[in-house]
Amino acid sequence: MALGLPIHGGDLAGAEARWGRPAAGWLDLSTGINPWPYTLPSLPAEAWTRLPGGAEDAALRAAAARRFGTDPAQILAAPGTSALIQALPRTRPPGPVAVVGPTYGEHARAWAAAGHTVTEIATLDEADAPVVVVVNPNNPDGRVAAPAALLARVKPGALLVVDEAFGDMAPALSVAPLLRPGMVVLRSFGKFYGLAGLRLGFVLGLPEILAPVAAQLGPWPVSGPALAVGAAALSDDAWGDAMIARLAQWSERLDGVLAAGGLTVTGGTSLFRLASHPQAASLYDLLGRAGILVRAFENRPHLLRFGLPAHEADLVRLAQALT
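Per our numbering, residue 1342 is the first one in the sequence shown, and the count goes up by one each step.
Simulated from the structure, these hints should not be mistaken for laboratory data. Keep in mind that a hint or two might mislead.
As the list claims (entries may be wrong) - Distance ranges between label pairs, derived from CB positions: (1) Arg1391 / Thr1607: 28 to 38 angstroms; (2) Gln1590 / Ala1513: 16 to 26 angstroms; (3) Gln1557 / Gln1590: 35 to 45 angstroms; (4) Asn1640 / Pro1548: 32 to 42 angstroms; (5) Gln1661 / Pro1548: 47 to 57 angstroms.
Glycine included, each C-beta is placed from N, C-alpha and C at the ideal position.
Based on the sequences and whatever the hints tell you, model everything.
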């Protein structure tokens, strides 16, 4: 039976309507966004009043290239990876596309909307389409593919799309330093840096692949404030390295709370955990009535995804709701 679930997390207005609780009282664990955001730097007035300039874009790309281990000429910034997921399919003529799944649903939707024939495959070994899309680490189960396995799928005349939206916490898995023809990498900014509202993301690839994507985005795709904040955050290695460790520690603590509440953790990343429960649909509703929003899945009714609580009191609140 259809549950009428939202296709994305973070829908507090929908949760308010569904359970009749004021939005202000919710504990939102339905996204994979860092609950400890990067502290916003002081921005010059020009970041708000001038059109974004080439110098600011170059500074952002330089910071991103250093953090990701690639060349600034191989980076294009965009107003979030969602914009890139929509733009990329429009740069190629319609044809077969294989998406390694189950995974983030916007990839299949975007390629299909652009006229491509999309097939979901279970493993990279099944990939024989001219376009292959893989999310690494995967959302929502955290499944990973080794860089060597991904590079083996790069074929002449074909395109491999590697979505590393949750790659900041696992830099050893990134293929960003290994770019080659026929391959693009997507990197999110808002998830790891906790600034999803800023709308910033990147596509990495050779210039001949980036040029048609840039044409799809149009002029000034990234705002001046996003350029400035992104450059500052990506240059702050001390913050990034400390955050990787903090997220790992708190994801382990969340695992303990979920296990104590009768769930079986089956995967995830350090920004979210995927867990199974024989009565997951009922548990989803129970948590909702307690003002705790998590992520449920229409086509996988035994699974729930939990983002990280930001505070000790939030962990306690979740633990109490699960008992």
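Original post:
In ascending order, which of the hints set out earlier in this document are inconsistent with the structure?
Top reply: As far as the earlier hints go, only 1 is violated by this structure.
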